[in-house]
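Chemist: So you can see what is in the structure, the chains are spelled out below.
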Amino acid sequence: MNRKKSIALVGTPNAGKTALFNVLTHSHQRVANYSGVTVDSAEADLILPDGEFCSLVDLPGSYSLRPYTEDEGVLTQALQKNNFDGMIVVIDATQPERAMRFLVEVLDATDRPAVVALNMSDLAFARGFEYDLSKFCDLMGVPIIPTVAVKRGKSKALLDALEHAMKAQKRERSRFLPERKKPSDGKPLSRKEVSEQILSFYKTSDALLKQVLIRKGRPDTRSEKIDRIVLHPIWGMLILIAVLAITFQLMFNLASYPMDWIDGFFGWMGGQVSALALPAVLKSFLVDGVIAGVGGTLVFLPQILILFALILFLEDFGFMARAVFLLDYWMGKVGLHGRSFLPIISSYACAVPGIMATRTIESKRDRIVTTMIIPITTCSARVPVYTLLISAFIPNIALGALGIHLQGLVMLALYALGIVFALLMGAIFKLFFFKGRRPPLLIELPSYKMPSMQSLFKGLVYRAKLFLKRVGTIILALTIVIWFLVSFPKAPAGTENPIEASYAAKVGHVFEPVLKPLGFDWKIGMALVPTFAAREVMVATLSTVYAVGDTSEGSGVSNTDKLSALIKTEWPLATGLSLMAWFIFAPMCISTLATVKRELKSTKWMLIMMIYLFILAYGAAYLTHLVAAGLTRA
Amino acid sequence: MRMVLNKAHRKLGEHLPGDQVEIVGFCLEDDQPDDVHQFLHRLSEVGFLVGEPLEILGHAPYSKDPISVKVKEATYALRREDANLIYVVKRHRE
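Here the protein sequences line up with chains A and B, keeping their order. With the working numbering, the residue at position 597 of the first sequence is 597, and numbering never jumps. To convert, count from 1 in the second sequence and add 634; that's the working numbering.
Since the hints were made in silico from the structure, they are not lab data. Just so it is clear, CB atoms sit at the ideal spot from N, CA and C, and this is done for glycine as well. Treat the hints with care, as some may be off.
Claimed, not checked - Straight-line distance between alpha carbons at most 35 Å, and here's what the computed DSBU-like set of lysine-lysine pairs gives:
no., chain 1, residue 1, chain 2, residue 2
1, A, Lys597, A, Lys490
2, A, Lys449, B, Lys706
3, B, Lys704, A, Lys225
4, B, Lys706, A, Lys469
As the list claims (entries may be wrong) - Just so you have them, the derived chain B footprint on chain A, three or more residues with Cβ under 8 Å:
no., segment
5, 322-333
6, 350-358
7, 589-596
Build the full structure now, drawing on both the sequences and the hints.
Modeler: Here you go:
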């Protein structure tokens with residue numbers, strides 16, 4: 001059997017490469033690309049016109065083959081390895097100089113068969129750009145196909161050309177550019193030599209461009225007009241605030257409907273299974289272990305998808321770069337970088353994609369500071385914990401006539417505290433670890449364009465898959481382990497509190513002395529242990545702990561409501577508040593730590609993060625408990 | 635190697651939105667930190683080359699920093715401090 005051929009997809013940033021990837025491929029993305037932007041190489045199936053299955057590898061965009069950020073290094077390495085069977089080069093027809101400079105460098109770098117997608121050809125045409133395509137093809141020695149990434153029909157010609165080029169096997173490696181100077185004594189080129197080399201490369205490619213570009217287009221006045229509003233001193237800031245407000249509004253209000261359905265579905269399923277004639281142990285395993293655990297986590301799916309849909313949309317539209325522009329100065333005050341914005345926003349869904357998105361930050365120190373504060377941003381895994389604690393301990397009193405309720409206000413305050421402490425820690429890290437000049441900023445403000453809905457949808461499906469995989473593996477396994485610890489060994493019949501006999505109780509009691517000053521009992525201690533693997537398991541664990549402790553069957557009341565009523569009677573108010581304070585910092589989950597270690601390639605920073613968050617969480621919970629307990633006693 | 639500045643030469647970061655300028659050189663020194671040096675290379679890679687006309691499109695509200703600069707068909711955001719590494723001369727509008 002033949003080996004499955006692989007095709008590399010390369011291109012300049014903002015040339016519509018990822019949209020083209022989504023249009024060309026058919027599901028089955030494999031390689032993990034858990035992020036708001038293409039920072040790792042994604043891979044998916046592509047079917048050639050003759051029916052052959054190939055895999056298309058989406059490599060990160062770059063301006064040149066001299067890597068500047070870490071994600072661009074991926075491209076250079078891939079081209080050096082030269083182990084793919086074909087290549088699609090995506091260039092932006094509305095940016096002729098950049099397109100040509102990138103194209104000649106890539107064609108010189110590899111001898112693999114290649115086709116060029118002259119993308120955004122519709123926009124280029126509308127603005128009056130005119131290329132001599134047949135001359136362009138002859139000159140470059142490769143087929144050049146005008147494409148519009150957001151339209152599927154146009155990709156047929158590109159695939160035909162690709163198939164044809166791959167049949168022809170090897171391509172003669174082009175020699176457009178002057179030989180790269182290689183220093184003889186092993187030392188890297190001097191700064192001056194490198195700039196001279198770049199200049200000579202560009203002279204060559206600009207001369208080639210002159211031969212094929214018949215007419216230059218008009219400037220992009222539409223984007224300039226939009227920028228006049230989006231970057232306006234007053235409107236710009238208002239739009240930015242409105243975008244954030246709408247994002248969070250949708251994340252909580254819109255998501256609450258599907259979340260109720262999911263919660264209701266798992267409640268119903270639990271009831272159905274309880275009614276089956278099964279052995280009690282198996283029933284308990286299915287209802288209290290599997291269904292409660294998986295259901296308790298799956299309810300976040302709507303929130304995660306809504307947040308990512310908005311992030312992907314704003315990124316494709318061109319807004320994210322403008323947000324960086326508007327916020328860079330203020331971010332700098334707390335040791336962050338304008339580019340920290342996207343990673344931090346992503347972290348409201350989950351810290352893992354947020355930390356991975358920091359790869360787009362060029363400077364190591366900005367990247368470290370951003371990474372270190374990301375776990376304090378309120379990730380969606382904390383939401384169910386907050387929801388549970390608030391519904392149990394905060395009375396739902398209406399405040400004033402504006403429809404503001406105390407519960408909503410406390411939720412907002414928890415988010416606000418997360419932001420305040422994140423910025424404070426950023427400033428502290430800047431003060432103690434990184435002094436001196438800020439690393440330079442250079443970010444493109446791309447032309448605005450309407451995102452392709454098809455591309456957006458595929459991106460979302462992919463993220464949903466990753467999340468479901470996590471629920472089906474790590475989280476399922478953890479909930480089963482917890483269920484076991486809580487359920488065994490069985491107490492003799494007639495014991496008042498059967499759970500006291502379990503392994504879980506023993507584990508919980510070990511932690512009790514440390515947690516007592518925070519007002520946490522052993523059951524909370526027990527529930528905190530698995531939060532190191534995944535915070536959202538807290539609610540599931542408490543459900544399991546209390547479901548097992550309470551023998552009465554659920555009767556139409558949703559699991560969360562039942563649990564909320566239970567902990568309200570079991571815990572004093574001070575404990576509830578102290579636990580909220582703990583979760584603002586919530587010594588992060590194992591996946592976050594693993595991501596930090598992998599992304600920063602540093603155990604030191606991972607340990608610093610773990611320790612500082614633990615100290616903050618413990619301190620905050622201790623103080624909260626002290627004050628709250630003092631007040632409630634008085 | 636320090637560029638000798640002519641009287642007409644200015645730093646890019648000193649300009650205001652609406653100004654049209656042309657690049658005459660870069661502040662390239664051996665004692666610059668690595669990230670500054672990489673930044674200068676990146677600038678030339680995205681099209682900031684000697685002789686290239688630039689237009690300052692705007693700046694961020696309040697702070698007036700960063701600025702947005704148009705070069706060829708693309709727009710980039712630069713901080714004023716970093717833009718000062720680019721020496722320019724003012725162009726007269728046709």
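Chemist: State for each hint whether it applies.
Modeler: Outcome of the hint check:
Straight-line distance between C-alpha atoms of lysine 597 (chain A) and lysine 490 (chain A) comes to about 40 Å, which puts the hinted pair past the 35 Å bound. Using a Cα cut-off of 35 Å, the hinted pair lysine 449 (chain A) and lysine 706 (chain B) holds, with the two alpha carbons roughly 19 Å apart. Using a Cα cut-off of 35 Å, the hinted pair lysine 704 (chain B) and lysine 225 (chain A) holds, with the two alpha carbons roughly 14 Å apart. Restraint check: the Cα-Cα separation between lysine 706 (chain B) and lysine 469 (chain A) comes to about 45 Å, which exceeds 35 Å; the hinted pair is violated.
Three residues within the 8 Å Cβ limit are the bar, and the segment 322-333 of chain A against chain B gives 6, so the coverage statement holds. Counting residues of the segment 350-358 of chain A whose C-beta sits closer than 8 Å to any C-beta of chain B gives 0, which falls short of three, so the coverage hint is violated. By the rule of at least three residues with a Cβ nearer than 8 Å to a Cβ of chain B, the coverage given for the segment 589-596 of chain A is violated, with 0 such residues.
Violated hints for the displayed structure, listed by number in ascending order: 1, 4, 6 and 7.
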